[in-house]
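Trainee: Now for the letters of each chain:
Number of protein chains: 4
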Amino acid sequence: MVTERLSLAGDLLDKNTLGKVLDVLNAHGVKFQTRRFKVGEFSDKPTIVDLHLTAPDVETMRRALEASAVFGALYSLEEVTLVEADMDGVLPEGFHSTSNFTTHIHIKGQFVEVENLEMDCGIRVWDENGRYRATTCPMHRVRAGDRLVVGFDGVRISPAEEEQRDDAEFRFMSNEVSSERPKRRMIEHAARAIQKAKEEGKRVLFVGGPAIVHSGSAPFLARLIEKGWIDILFAGNALAAHDIEANMLGTSLGVDLRTGGSSAHGHTHHLRAINRVRRAGSIANAIEQGLISGGVMHACVKHGIPFVLAGSIRDDGPLPDVITDGIRAQDAMRAHISGVGVCLMVATTLHSVATGNILPASVKTYCVDSDADSVIKLTDRGTHQAIGLVTDCEFFLTALVAELAA
Amino acid sequence: MVTERLSLAGDLLDKNTLGKVLDVLNAHGVKFQTRRFKVGEFSDKPTIVDLHLTAPDVETMRRALEASAVFGALYSLEEVTLVEADMDGVLPEGFHSTSNFTTHIHIKGQFVEVENLEMDCGIRVWDENGRYRATTCPMHRVRAGDRLVVGFDGVRISPAEEEQRDDAEFRFMSNEVSSERPKRRMIEHAARAIQKAKEEGKRVLFVGGPAIVHSGSAPFLARLIEKGWIDILFAGNALAAHDIEANMLGTSLGVDLRTGGSSAHGHTHHLRAINRVRRAGSIANAIEQGLISGGVMHACVKHGIPFVLAGSIRDDGPLPDVITDGIRAQDAMRAHISGVGVCLMVATTLHSVATGNILPASVKTYCVDSDADSVIKLTDRGTHQAIGLVTDCEFFLTALVAELAA
Amino acid sequence: MVTERLSLAGDLLDKNTLGKVLDVLNAHGVKFQTRRFKVGEFSDKPTIVDLHLTAPDVETMRRALEASAVFGALYSLEEVTLVEADMDGVLPEGFHSTSNFTTHIHIKGQFVEVENLEMDCGIRVWDENGRYRATTCPMHRVRAGDRLVVGFDGVRISPAEEEQRDDAEFRFMSNEVSSERPKRRMIEHAARAIQKAKEEGKRVLFVGGPAIVHSGSAPFLARLIEKGWIDILFAGNALAAHDIEANMLGTSLGVDLRTGGSSAHGHTHHLRAINRVRRAGSIANAIEQGLISGGVMHACVKHGIPFVLAGSIRDDGPLPDVITDGIRAQDAMRAHISGVGVCLMVATTLHSVATGNILPASVKTYCVDSDADSVIKLTDRGTHQAIGLVTDCEFFLTALVAELAA
Amino acid sequence: MVTERLSLAGDLLDKNTLGKVLDVLNAHGVKFQTRRFKVGEFSDKPTIVDLHLTAPDVETMRRALEASAVFGALYSLEEVTLVEADMDGVLPEGFHSTSNFTTHIHIKGQFVEVENLEMDCGIRVWDENGRYRATTCPMHRVRAGDRLVVGFDGVRISPAEEEQRDDAEFRFMSNEVSSERPKRRMIEHAARAIQKAKEEGKRVLFVGGPAIVHSGSAPFLARLIEKGWIDILFAGNALAAHDIEANMLGTSLGVDLRTGGSSAHGHTHHLRAINRVRRAGSIANAIEQGLISGGVMHACVKHGIPFVLAGSIRDDGPLPDVITDGIRAQDAMRAHISGVGVCLMVATTLHSVATGNILPASVKTYCVDSDADSVIKLTDRGTHQAIGLVTDCEFFLTALVAELAA
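Residue numbers (full-length UniProt numbering), protein chains in the order written: chain G, 1 to 406; chain B, 1 to 406; chain E, 1 to 406; chain A, 1 to 406.
Keep in mind that a hint or two might mislead.
Claimed, not checked - In silico lysine-lysine, DSSO-like type, Cα no more than 30 Å apart, as pairs:
no.: 1; chain 1: B; residue 1: K364; chain 2: G; residue 2: K20
no.: 2; chain 1: G; residue 1: K108; chain 2: G; residue 2: K202
no.: 3; chain 1: G; residue 1: K31; chain 2: B; residue 2: K227
no.: 4; chain 1: G; residue 1: K31; chain 2: B; residue 2: K20
no.: 5; chain 1: E; residue 1: K20; chain 2: A; residue 2: K31
no.: 6; chain 1: A; residue 1: K20; chain 2: E; residue 2: K31
no.: 7; chain 1: A; residue 1: K20; chain 2: E; residue 2: K364
Derived from the structure by calculation, the hints contain no laboratory data. These figures come from a predicted structure and were not determined experimentally.
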């Protein structure tokens with residue numbers, strides 16, 4: 001069983017070149033699968049077809065290919081290049097590095113299956129009584145004088161059947177959601193998307209959780225708001241309450257933000273902050289009265305950035321601005337979606353999923369959480385456009401401020 | 001701008017039907033993209049082509065489609081069905097449920113874009129001065145008398161550009177690795193794969209970490225070995241040492257396996273167990289001498305199941321059977337890969353990645369870990385065939401024993 | 001600098017024995033810290049005092065201790081026991097296993113600090129020109145003839161200063177929240193607590209998230225309700241909606257619960273289920289009308305178990321029974337807290353934290369989640385009594401049903 | 001049943017004051033538990049005793065306390081302060097905020113248990129037919145005219161029995177390992193520890209995993225080495241191989257570090273890099289030959305920083321400098337431990353646990369990982385001194401460089 005790739009390009013349909021080539025293949029008993037079929041829409045763009053061929057033996061394949069060639073079919077029957085190892089434990093420069101998919105090499109007219117299939121090895125080839133054999137060879141097992149495959153010519157890799165899609169390719173790091181990718185690049189990406197959205201007159205929606213305050217990152221978010229990078233804020237009672245607690249009392253959920261230590265009776269601080277705002281009647285009133293002098297909510301009020309604080313059953317208080325009814329809160333959020341080009345979701349599963357529910361898929365969405373599960377939950381609930389960054393909100397916000405020179 | 005889907009089936013290439021339809025479309029100024037192109041390999045299987053058409057207006061589209069129809073092209077220009085809501089807050093039965101992709105409806109010859117795009121809503125339609133308009137309508141906003149779309153006819157959904165692949169479809173729960181899927185189904189799946197492998201004369205490789213012992217699940221693994229379901233065991237010093245500790249002293253890393261509490265001086269237990277086996281010279285000798293009377297390693301030795309204990313830098317002791325050199329251990333593992341049909345990787349990132357490195361992609365591989373990160377790491381390192389189960393090893397092993405009636 | 005532990009017991013205060021011993025120590029220049037001070041409340045119970053002594057040298061210590069002894073002070077000045085290794089790489093049976101805390105041994109009147117401090121080693125002792133020296137010795141470095149410490153006598157371990165509390169002890173597996181502990185033991189523990197609560201006439205509160213349905217575990221929860229083990233249910237729209245979806249349509253968030261595969265148009269199923277219940281007016285009505293024939297909500301209604309469905313901003317629909325206002329929902333939950341003895345929180349961070357907020361600390365609380373972060377969040381918000389199980393809800397519920405023979 | 005706290009200070013033992021007070025309490029039928037007992041070691045430091053008293057009624061308690069007072073016992077019988085709410089939904093400023101522990105208030109000689117125990121509420125008090133009653137009152141339920149407790153006077157909080165230790169205190173954020181704490185503070189803390197260690201002539205050990213390279217953070221680690229902040233490096237084959245891959249080919253595990261995208265045939269890059277170093281014979285030789293011009297390993301070699309590359313079974317190649325035998329690698333690591341004052345463990349569970357195994361508890365140890373599980377594993381294996389930072393290595397290293405002005 002040998003396989004080959006056959007390419008056709010040109011005006012294949014009008015002159016029915018494709019039909020004729022397929023007839024030739026059928027006649028020779030060579031099976032084919034279409035791997036690519038790109039029809040040329042205009043006369044100056046050719047139709048391109050790639051076929052994956054399977055023949056019972058190399059001779060049949062060769063004859064069928066030669067017969068196809070008269071119609072302009074392009075194929076390769078190149079053979080592998082072998083290089084002798086010059087020292088123990090070292091592969092020749094340019095060595096072919098294996099995948100874990102079934103692999104054949106083409107050598108002297110033979111198609112030889114590589115034995116002991118294993119990724120990240122060289123391919124060692126030897127002649128055994130006139131028949132070629134090939135095996136994977138881990139680097140440390142190379143011996144001087146071994147003959148090893150170099151380059152890609154003459155190597156045929158067959159993905160597992162379930163992997164036989166157009167885009168099947170062996171690679172590492174294919175998971176979108178991983179804590180091991182360079183985050184800085186993705187934050188730059190988000191910054192560019194924000195700049196582009198602003199240039200196009202679109203708005204930027206920020207959805208945030210209280211960890212932004214707990215982690216000491218609220219000043220960075222406030223900066224983004226003050227500098228005009230954020231147009232709407234969606235959050236809950238907790239983000240606003242701890243932001244105000246931090247401004248009034250220097251703590252977040254009782255943790256001193258300067259030292260990271262627990263503050264005496266600190267667990268009552270957010271309640272005291274909420275209580276004072278309730279007395280004032282609203283966050284805006286409390287700012288007016290001088291009770292709040294900085295932070296995220298202060299930045300929103302001072303710069304006229306609208307916010308929706310949606311309530312939940314775990315709220316203390318809550319702050320007077322919180323919409324406690326979930327369905328009314330959804331409607332309040334809906335009223336702000338139109339015109340949004342970029343949405344940043346930071347450190348909140350509840351509000352991110354709720355916002356994802358009402359966002360068109362065309363909105364560039366970045367979901368930042370220290371837990372990969374949050375990102376997975378978001379896309380599992382239909383917000384497939386979300387690009388996940390598994391990282392600290394503290395890192396994200398400081399880097400984003402730097403990128404935007406905010 | 002209106003879009004339509006056109007399907008062609010039959011002997012499209014030999015008679016060049018396809019070429020002729022494409023000529024018609026070009027002549028009418030209708031653009032097309034190939035969405036599916038399945039060439040019939042044998043005369044009894046038709047070639048199937050699906051085209052995504054884009055026309056400047058509905059009239060052009062209609063004319064082009066009618067001209068194509070003479071060549072056997074199938075198309076639909078069905079219109080939406082509207083049903084009046086009979087009560088507030090309730091959609092009509094059979095309502096069309098929206099996605100977050102750009103959506104048009106076809107009504108009275110008009111293609112109308114749905115406004116306020118949002119997933120999980122109905123589509124409300126109204127006539128505004130002779131022009132139809134349509135908007136998403138959340139369930140709670142329905143009012144009796146509203147006219148809403150029912151079914152799929154006449155609704156056109158356009159995935160975001162980057163999503164335009166053949167398999168693009170709006171859905172939930174698309175992540176393979178998620179802690180929210182029914183695990184029992186996947187464990188049944190693994191059990192069936194093991195049974196099938198055994199029937200086909202293939203072998204089952206088990207790769208395990210010490211959490212199997214810590215969690216009290218070693219008896220289940222021992223059972224699988226005793227009943228013949230496991231043919232090879234790959235593990236490290238820790239699994240074997242704690243398995244022997246549990247058998248000798250009733251604890252695992254000092255935690256009493258009957259009570260879950262800490263045992264006095266329990267942190268020395270594994271060292272005492274290792275020390276005794278070192279004195280005996282090997283695990284087999286220790287079993288011979290009656291020092292070990294049960295557990296996973298005992299099951300291996302008594303049933304002749306080969307094991308490779310690969311060392312690592314965090315090993316205490318180690319046990320005399322441990323291969324301390326990583327490269328020699330790799331080679332020892334390689335010697336057992338041939339003929340393996342199913343590989344179970346349970347609660348060990350190190351050994352799972354190491355085994356994945358030397359497994360062909362054709363081996364059915366199940367990776368079980370309580371942490372999604374481990375599964376992501378495995379597939380990020382090239383073992384794409386791995387099916388991840390984010391769950392407890394304790395749950396997996398008890399359920400697997402039950403499924404295999406072991 | 002040598003340290004010793006001194007114990008006193010008896011009627012130490014009335015006769016001022018303690019004062020006299022402390023005078024002796026002061027007179028000899030030996031410093032002391034109180035490690036334990038248990039005053040006998042009644043005449044038949046002695047007062048017990050443990051002191052940690054520090055003297056500049058062993059001779060001073062010896063003299064002070066002997067002078068104290070006349071008042072009944074108990075002390076030990078036992079020396080280490082040494083045993084010769086009889087073979088390479090193996091410690092003597094009963095070997096002293098080191099911690100990573102500063103360690104001295106007492107030998108021939110000398111207090112010798114152990115060099116190369118490292119956990120999980122033996123202690124090798126040798127005489128170097130009349131002075132004893134001691135070093136940690138990893139197992140593999142033991143040579144036949146080496147002299148090694150056996151047992152605990154004469155070994156003094158000094159925890160790091162910040163660790164000097166009464167309960168400081170070297171051990172493994174000290175984290176309460178870990179995925180590596182035997183879960184089955186903890187589930188048995190929960191089952192016993194439930195049985196005890198029921199016997200004492202207390203009530204059992206169950207707080208659950210939709211993953212219970214997604215994972216196929218709803219039948220187990222329904223069983224617990226039917227068998228009378230659950231007295232109140234707190235949940236959100238999602239658990240109820242997917243439970244009803246599963247009963248009506250066989251899917252949960254569109255995933256077929258029998259096969260684990262995606263169902264065509266499955267993402268609309270929960271909306272259809274919610275819509276039908278909205279038409280019926282309530283879950284109870286829908287059951288009455290025969291629309292729902294099983295599952296968790298059916299069990300509640302049929303067995304008169306009260307439930308509070310608290311709304312959130314990510315709700316679709318919602319179901320008519322959902323209390324959409326968060327503060328009203330809190331109040332509805334509060335109305336059910338009195339008399340609760342055990343609370344099970346399964347697979348929901350939002351509802352668990354909200355319930356934890358209103359529970360007295362005396363309620364036995366078990367928090368089950370596949371993500372350790374959820375448990376950490378709960379205790380970080382004041383619900384310190386919560387016992388965390390990092391595991392699947394599917395495993396927890398099946399095992400709990402088995403334990404309760406439900 | 002009423003409780004009170006009694007404090008004694010002075011020369012309690014010599015004059016047996018303590019014994020006399022205890023006699024008085026016994027005589028009145030008041031039970032006591034010692035909460036604190038701090039013996040004054042020197043004549044100028046008093047002995048301090050805190051007792052927790054329980055009497056059957058307030059009158060008994062009062063008499064016993066007055067009788068004790070003649071010996072200098074200090075006690076308080078202050079009563080609660082009540083303030084009227086001046087508006088609905090707002091507590092009086094300075095309100096007492098509840099915990100979830102059993103609580104009594106002392107008012108007009110009565111000790112009244114607070115009903116409906118719940119954290120984060122006020123305490124509302126009313127007179128019901130001459131008997132006082134008290135209940136928790138959530139903020140939103142306050143009505144103008146309600147009388148609420150202000151401050152701490154007269155409020156008695158009884159922790160749950162199992163919580164009755166000296167340090168029991170109600171608080172939030174008590175978990176050491178949490179992703180919600182301010183990381184920047186902890187990184188500053190680590191920077192100060194490093195500076196202090198260097199000033200004291202101690203050495204800094206860095207233990208790192210390959211995610212440092214994957215995340216694009218290798219330049220920051222290289223900077224720390226070049227600037228003299230790191231004295232020893234422990235790592236595996238992967239960190240070194242990908243560091244060299246990044247330097248030679250611009251990728252890490254095939255991911256382009258500038259763009260974050262996959263590189264064509266990138267999965268072979270690390271093998272090519274390893275192979276070239278194997279040909280050179282060592283990393284130092286490869287640098288000498290100009291094959292490597294920057295990065296972490298280059299910084300080590302150029303600045304004479306020793307490194308131990310410990311092998312594992314998942315290694316490709318490996319690099320010639322890797323010690324493939326785990327036990328030999330442990331010994332090589334041991335040889336560098338002496339004199340280490342600070343250890344940074346970044347993004348590697350395997351090497352962190354292995355290093356933790358051989359570190360004295362006195363070494364300041366910081367463990368940085370994006371996964372809380374890694375930190376939990378480390379402390380569960382005995383390295384209790386480790387301070388965990390659940391964050392990105394990228395964030396940690398950039399912030400550490402900034403803190404150290406490196």
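Trainee: With reference to the structure, classify each hint as holding or not holding.
Mentor: Tested hints:
Distance hint between K364(B) and K20(G) is unfulfilled; the C-alpha atoms sit about 40 Å from each other, more than 30 Å. With a C-alpha separation of about 62 Å, the suggested pairing of K108(G) with K202(G) is violated against the 30 Å cut-off. Between K31(G) and K227(B) the CA atoms are separated by roughly 44 Å; this puts the pair beyond 30 Å, and the hint is violated. Of the supplied pair hints, the one linking K31(G) and K20(B) holds, its CA atoms being roughly 26 Å apart against a limit of 30 Å.
As the CA atoms of K20(E) and K31(A) are separated by approximately 27 Å, the hinted pair is consistent with the 30 Å bound. With a C-alpha separation of about 27 Å, the suggested pairing of K20(A) with K31(E) holds against the 30 Å cut-off. For the suggested pair K20(A) and K364(E), the alpha carbons sit about 41 Å apart, so the restraint of at most 30 Å is broken.
Consistency note: the structure conflicts with the earlier hints numbered 1, 2, 3 and 7.
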